[in-house]
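Novice: Model the full structure from these sequences, guided by the hints.
Number of protein chains: 2
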Amino acid sequence: MNKQNAAPYFGRRGLIFVLSSPSGAGKTTISRELLRLDENLVMSVSTTTRPMRAGETEGADYNFVDEAHFERMTEDGAFLEHAQVFGYHYGTPRAPVEAALQAGTDVLFDIDWQGTQQLATDEKMGADLVSVFILPPSTKELESRLNSRARDPEEVVRERMAKASGEMSHFPEYTYIIVNDDIDQSVDRVQAILDAERLRMSRQVGLHEFVQGLRGVD
Amino acid sequence: MNKQNAAPYFGRRGLIFVLSSPSGAGKTTISRELLRLDENLVMSVSTTTRPMRAGETEGADYNFVDEAHFERMTEDGAFLEHAQVFGYHYGTPRAPVEAALQAGTDVLFDIDWQGTQQLATDEKMGADLVSVFILPPSTKELESRLNSRARDPEEVVRERMAKASGEMSHFPEYTYIIVNDDIDQSVDRVQAILDAERLRMSRQVGLHEFVQGLRGVD
Numbered sequence: 001m002n003k004q005n006a007a008p009y010f011g012r013r014g015l016i017f018v019l020s021s022p023s024g025a026g027k028t029t030i031s032r033e034l035l036r037l038d039e040n041l042v043m044s045v046s047t048t049t050r051p052m053r054a055g056e057t058e059g060a061d062y063n064f065v066d067e068a069h070f071e072r073m074t075e076d077g078a079f080l081e082h083a084q085v086f087g088y089h090y091g092t093p094r095a096p097v098e099a100a101l102q103a104g105t106d107v108l109f110d111i112d113w114q115g116t117q118q119l120a121t122d123e124k125m126g127a128d129l130v131s132v133f134i135l136p137p138s139t140k141e142l143e144s145r146l147n148s149r150a151r152d153p154e155e156v157v158r159e160r161m162a163k164a165s166g167e168m169s170h171f172p173e174y175t176y177i178i179v180n181d182d183i184d185q186s187v188d189r190v191q192a193i194l195d196a197e198r199l200r201m202s203r204q205v206g207l208h209e210f211v212q213g214l215r216g217v218d
Numbered sequence: 001m002n003k004q005n006a007a008p009y010f011g012r013r014g015l016i017f018v019l020s021s022p023s024g025a026g027k028t029t030i031s032r033e034l035l036r037l038d039e040n041l042v043m044s045v046s047t048t049t050r051p052m053r054a055g056e057t058e059g060a061d062y063n064f065v066d067e068a069h070f071e072r073m074t075e076d077g078a079f080l081e082h083a084q085v086f087g088y089h090y091g092t093p094r095a096p097v098e099a100a101l102q103a104g105t106d107v108l109f110d111i112d113w114q115g116t117q118q119l120a121t122d123e124k125m126g127a128d129l130v131s132v133f134i135l136p137p138s139t140k141e142l143e144s145r146l147n148s149r150a151r152d153p154e155e156v157v158r159e160r161m162a163k164a165s166g167e168m169s170h171f172p173e174y175t176y177i178i179v180n181d182d183i184d185q186s187v188d189r190v191q192a193i194l195d196a197e198r199l200r201m202s203r204q205v206g207l208h209e210f211v212q213g214l215r216g217v218d
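Protein chains in written order, with the working numbering: chain C, 1 to 218; chain V, 1 to 218.
None of these hints come from the bench; they were simulated from the model.
Hints are not guaranteed to be accurate.
As the list claims (entries may be wrong) - Short derived list, chain V residues pointing at chain C, Cβ under 10 Å: (1) 189; (2) 204; (3) 214.
As the list claims (entries may be wrong) - Derived, one-sided and incomplete: chain C residues facing chain V with beta-carbon distance under 7 Å: (4) 139; (5) 165; (6) 174; (7) 176; (8) 193; (9) 204; (10) 211; (11) 215.
From a predicted model like this one, the values you see are computed outputs, not experimental measurements.
Ideal Cβ positions, reconstructed from N, Cα and C, are used throughout, including at glycine.
Specialist: Structure below.
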């Protein structure tokens, strides 16, 4: 399928494309492939109070800010969604996302069910949201993927499984569900969802004028 | 993309896939390609009171019935949608469509806005409906396609243009809009819509049990 999906005849408002999954379901690989293949999709960059890690770049991986700064942004309503994980704050700034959507660029969000709920109930952005939940093909596969990520004590793995279970319990809040038992197929499926959602009547700006023109009506 | 889209883990209810367009927009070619490429899609066969034409097959092109039979079926509520065109009746029998959907097979409908409205407001089938409207890229292109179909008097072409204009005025009633300026691209787009709609959470039967299993909950 062609990359620039918007018809040349009229514009299109971008969409918020959320991928959620328990860790170990393959979401990171799928996101990376999607960003590589699709020229009209950009990753949303979060703001965080977590310290920068080796290899991370300010503005590309995260916008790193201090507690006071984050709090001020929260009070100003500058975040589309925000959450606290292991004592650190993470949030998605509203302004760059709104600018991208207006320019017809789609924005990929790698967030959990809590962030997705905040987006879905956002008065301004709710209509732009397309949400996909990625499931592992089996408990065995999930366990083995969680185990192979690091040689952690059994207790840590059990904790991760509990977290995965909690995340998965929210699957009905998503519009699309993909079972990831083949990574290439899953990338194709996520791409098909993105392509289809771009063709929604409600997202195509200027359609009315275009059809009036076709009908010879001024 | 693979043909058998339903995950092997659980079933899926089929969907009603409606393609509408003014004549001359390329819908027939797109439908034919889609049916050729997609193994899980079948064409809905209409019932009609129109006489059989040379080359047509009973049960494949249409179910041919007489007026009294058609009227009885209408009274019995046997039609999902029906209309009268140039003095002949056309209708889609409900029973074979319901059987296909229950078996997880998708059914392609080549109908106009009047039929689509009847499907959309059908209490039982409305939720199964996915509708796509195909637009020509320009008035000039539409005119030339209508002209090239037969060497008809100018008046007949004008009449067809008026009919096309009336049909196009209903585009906002459709979920997806495609501008057909490249037949291969349009087939890809229609296929992406079909693939995506198959992945909707609400269409996947048994998801709840599958996720309960993943979570280790009985």
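Novice: Now look at each hint and say whether the structure bears it out.
Specialist: Status of each hint after checking the structure:
no., hint, verdict
1, 189, "holds (6 Å)"
2, 204, "holds (6 Å)"
3, 214, "holds (5 Å)"
4, 139, "holds (5 Å)"
5, 165, "holds (4 Å)"
6, 174, "holds (6 Å)"
7, 176, "holds (5 Å)"
8, 193, "holds (4 Å)"
9, 204, "holds (6 Å)"
10, 211, "holds (5 Å)"
11, 215, "holds (4 Å)"
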